[in-house]
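Sequence lines, in order, name chains A and B. To convert, note that position 24 of the first sequence is 23 in numbering that gives the first Met the number 0; the numbers rise steadily by one, no gaps. To convert, note that position 210 of the second sequence is 209 in numbering that gives the first Met the number 0; the numbers rise steadily by one, no gaps.
Check before you lean on any hint, since a few could be wrong.
[Claimed, not checked] Simulated DEER-style distance windows between Cβ atoms: (1) B:113 / A:278: 47 to 57 angstroms; (2) B:41 / A:300: 40 to 50 angstroms; (3) A:25 / B:190: 40 to 50 angstroms; (4) A:244 / B:140: 32 to 42 angstroms; (5) B:83 / A:180: 45 to 55 angstroms.
[Said to hold, decoys possible] Computed list of chain B residues with no C-beta within reach of chain A, every gap over 12 angstroms: (6) 29; (7) 67; (8) 81; (9) 120; (10) 140; (11) 154; (12) 190; (13) 199; (14) 225; (15) 226.
[As the list claims (entries may be wrong)] Interface residues of chain B toward chain A, partial, derived using beta-carbon atoms under 7 angstroms: (16) 96; (17) 100; (18) 104; (19) 110; (20) 114; (21) 124; (22) 127; (23) 196.
No wet-lab data here; the hints were simulated from the structure. Computed from a predicted model, the values in this text were never measured in an experiment. Cβ atoms here follow ideal geometry from the backbone N, Cα and C, with glycine treated the same way.
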Amino acid sequence: MRMGVDRRAAAAARHRLLPEGRVAGPMPWIVAIMMFLTVLSAAAGLGLNAAVHSMGDDLAGRATVQIVEANGEQRARLAALVTERLRRIPYVRAVQPVDPAALIEQIRPWLGQDAASGELPIPALIDIELTSGQAEAKIDHLRRQLATLSPKLRLEPHAAFLQPVAGLLSSLGWLAAGIVLLMTLATGAVVVLAARAAHDGHRGTIDVLHLMGATDVQIARLFQRRIGLDALLGGALGFAMALLVLALLGARLLATGSELLATVQLPWTSWALLAVLPVGGVLLATVAARWTVLRSLGRLL
Amino acid sequence: MCHGWQTGKAGSVGAHFSMMSAIVQFENVGLRYGLDSETLSDISFSLHAGGFYFLTGASGAGKTSLLKLLYLAQRPSRGVIRLFGEDVVTLPRKRLPGFRRRIGVVFQDFRLVPHLSAYDNIALPLRVAGMVESEIDAPVTEMLNWVGLGDRGQARPATLSGGEQQRVAIARAVIGRPEILVADEPTGNVDADMARRLMTLFEALNRLGTTIVVATHDLPLIAQVSAAQMMKLDRGRLSDPTGSLRYPPRQQVSG
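So that you can see chain B by itself, here it is in the shape it has in the complex (with noise of 0.2 angstroms):
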């Protein structure tokens, strides 16, 4: 693999906890879209550097609307969140992109750019961050090989089936290595074995210190994951059945 991913030193999750400095922290976050009601209410979590973190509950409980204020594309109507240790809530908006460019997002839909190609979307995170044209080729046909789309690479989205697209879409969300990778939902339209693979993906991202945050209903793909820790949102308010993510802690969870 690029990137060395394979290379990373493997371990429980849990037990680097103790040592690892939180990476997100909500406190009392709130969400409202227009005058409705709260579709997130008193949201109070720390993310730790490093963790394994699943997000469940069911459809409408507000998964997505967390994600999209963990990847920055909408603000919270209240309450704080630090993001690397930086109030993100109050941060001007020509530092966002700075952050946006240290989290990897797999979204629900996918959001290929439908006219580029599958290398070119898979490319694009290197692009956005200014590598020279050079240094992407090397990387791209890699994970393109790596999702099983070694030959499909010039394929647009339009002619590639629904599972291809989320290899796609989990690869450009992977590729740039980022800090922290949100994936929702993001074995939806994959078989068993290529959701295996993803997971597989995903621990060894864990492993070098990629802090993962996956919202998913696949309880087995839960159980897959043994170290990960879970949230559970139910009509917009948090519940936290480990006790470990509560913030400010109550407990720190070691190995």
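Just chain A, with the same shape it has in the complex (with noise of 0.2 angstroms):
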């Protein structure tokens, strides 16, 4: 008890060394700016890319037969003959003929009237989902199952279609992912500025410390601890900040009811990695720290 006393007592007379002066320097605040564009640009990347994995899961497995025919008769009896052979297939797991009206439905708005007068000759569609795992080979094989009985079927794998999107989204997680990079070496930079400011502000206390026998290690672990502290402060106000806007945009984006909106969701593995950039922040910024003053320090005799 007397230990733990003496030892509180002692670790206050040693932060007293550098004089107070947490949250009225810039530190802590631009840390906080720094940590709220970090989460969020984290945030963004780990989001498109839940939102790519789960696009290329869901679409994988998913394809369209269109039968390209401009015989109405001749159409739909190959319709019928191609879903029956489709639903003897193992691996094709549904089997969905799109219903001819809704087409039409579809393309009225660019086709007019004309679209359901029966001269155009639109291909019927069927939409089917295969099993899960090895969706190439799947579509590979059903590709040379459908040639086999007629020349006029085509199958069109919808993640072919989804392709550049895929890919618009993936470039973007990593524009994400390299702005995070950059904010974590401009947050490094200013806890270096930081901290030679503050060496070079406490001059001469470090002097009269270092002529009283102080060592390197003392005189950086002062200065450590008071960045950390700023950093932990700014860091803790930059997240719970950043949280609040991921919070906001999450209830918009739902709000949208679009789906290709709703595959961009983090997973509790995103949220954890998230909570650890304050962590990560704080440890930077001590580590950045200290070695810059001992740096300076060792500059000394």
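Starting from two chains that each stand alone, build the complex the way the hints lay out.
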């Protein structure tokens, strides 16, 4: 008990060696802004990464068979034959012919009333869903099977439609990762500058401590603690603000009702990674401050 | 007094010289700042453990520079300096703190830490040395009382007069019971009574074995310590009126 009190008193005395000035300085606010932007960038990167994976998993096993036959009767017969054949294939989990009336409704805005005249050779469509795994091999096999039925059958995997979108999302994800990296470097640089400024600002105190026999590590500890606390305060503030913004954005995304946007969701592992960011920020600040001060002290006698 | 300063064996400083070893040795030491001419040239002397030395000289003669070399705030441009038997010129940086803790310094400009109270300034050397907090209060309070600042412990340096600041600086320098005490014009801002009391403290420390080196212009102060020896700096060169400081020694001083 006595030792605990003594240790606390010693720590308090050590902490008094540098003047208190927390929050008053710009450091916590700069770290708060950095952390805010870093968490948002990281969340965007993780969300986009999750969306790309989700989209890939979702679409990899889906395809549409097009029956390109100008003659309506033959088209209907061929559609029925293909549907029946597809249902017999074991890795085809679901077969859903698209209702021609629904199809005509969908293209009416572009073709007008002529779309329903029956004179336009609108292909018949059959949506299929494959069992999971080895999607590419199954699609290839299916394409060969359909070719044996008729040359007028085309198989369009859904993944191919959304490949450019997935590519864009993936690129945005990498961009976000790059921003996180740059923000981390910028935070490190800010801490180095702050530590140098603090070192220069307390040069008189440092000289006195040195001449009394304080070691470089003893002096560096004072600065790393102060800057670590500033980073903790700023990091917590920035993280809380970023969480608030993410919660608001999430609510907005859900409100759109878009299937594509709904895939931009953060799994718990991503939340855990985001939670590590402020801790990492504090560690980065502490290590950078210690390194900077030790280097500066190393230039003195 | 704490630390038993007044319980030490009284006696002539010079009487012990023959048995004492050199605690400081300067050998052809030169100091040059930048590309200027040498501030100190060919400084050679030795100080014995337990000795009491005054360093005098006109302003700009190099007294403060010499003291800086002594308390390891500066490395010489040339020559050899041995402290406690070790060459400190070539000593690795990481070993310097251990030597500095054995030297107390009263700076000419006090160098009190402005945001710390008088109490915390005096406690600084003990905390740097890692003394536990429960053992710090008694000696610090006693030192504060001794320098007449018992009721000013929580005052910041800015609220203290020049004389009070100097007393805090002196208390801070001696509280760790250094083996060498270096004081640069320690009585410059105190009245005659306080100057006398400071000299009494320095003599008490000296009787306990602390080597005292005081740079001063104050000739009556020098006269007050009869057993002290004097070094005189003149434009960066050392003259040794007594001849006993020469290194290698020309003669031994005996009581």
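Going through the hints against the structure:
1. B:113 / A:278: 47 to 57 angstroms: Violated, at about 35 angstroms.
2. B:41 / A:300: 40 to 50 angstroms: violated (22 angstroms)
3. A:25 / B:190: 40 to 50 angstroms: holds (46 angstroms)
4. A:244 / B:140: 32 to 42 angstroms: violated (55 angstroms)
5. B:83 / A:180: 45 to 55 angstroms: holds (52 angstroms)
6. 29: holds (17 angstroms)
7. 67: With a cut-off of 12 angstroms, residue 67 (chain B) comes too close to chain A, as the shortest Cβ separation is near 10 angstroms.
8. 81: holds (17 angstroms)
9. 120: Its Cβ does come within 12 angstroms of chain A, the nearest being 9 angstroms, so this is violated.
10. 140: holds (15 angstroms)
11. 154: Non-interface label stands for residue 154 (chain B): nearest chain A Cβ at 15 angstroms, farther than 12 angstroms.
12. 190: Non-interface label on residue 190 (chain B) holds, nearest chain A Cβ at 26 angstroms vs cutoff 12 angstroms.
13. 199: holds (24 angstroms)
14. 225: Non-interface label on residue 225 (chain B) holds, nearest chain A Cβ at 31 angstroms vs cutoff 12 angstroms.
15. 226: For residue 226 (chain B), whose nearest Cβ neighbour in chain A is about 28 angstroms away, the distance exceeds 12 angstroms, so it holds.
16. 96: Residue 96 (chain B) check passes; min Cβ-Cβ to chain A is 4 angstroms, inside 7 angstroms.
17. 100: Interface hint status for residue 100 (chain B): holds (3 angstroms vs cutoff 7 angstroms).
18. 104: holds (6 angstroms)
19. 110: holds (5 angstroms)
20. 114: holds (4 angstroms)
21. 124: holds (5 angstroms)
22. 127: holds (5 angstroms)
23. 196: Violated: closest Cβ of chain A sits about 24 angstroms from residue 196 (chain B), beyond 7 angstroms.
Hint compliance for this structure: hints 1, 2, 4, 7, 9, 23 are broken, all remaining hints hold.
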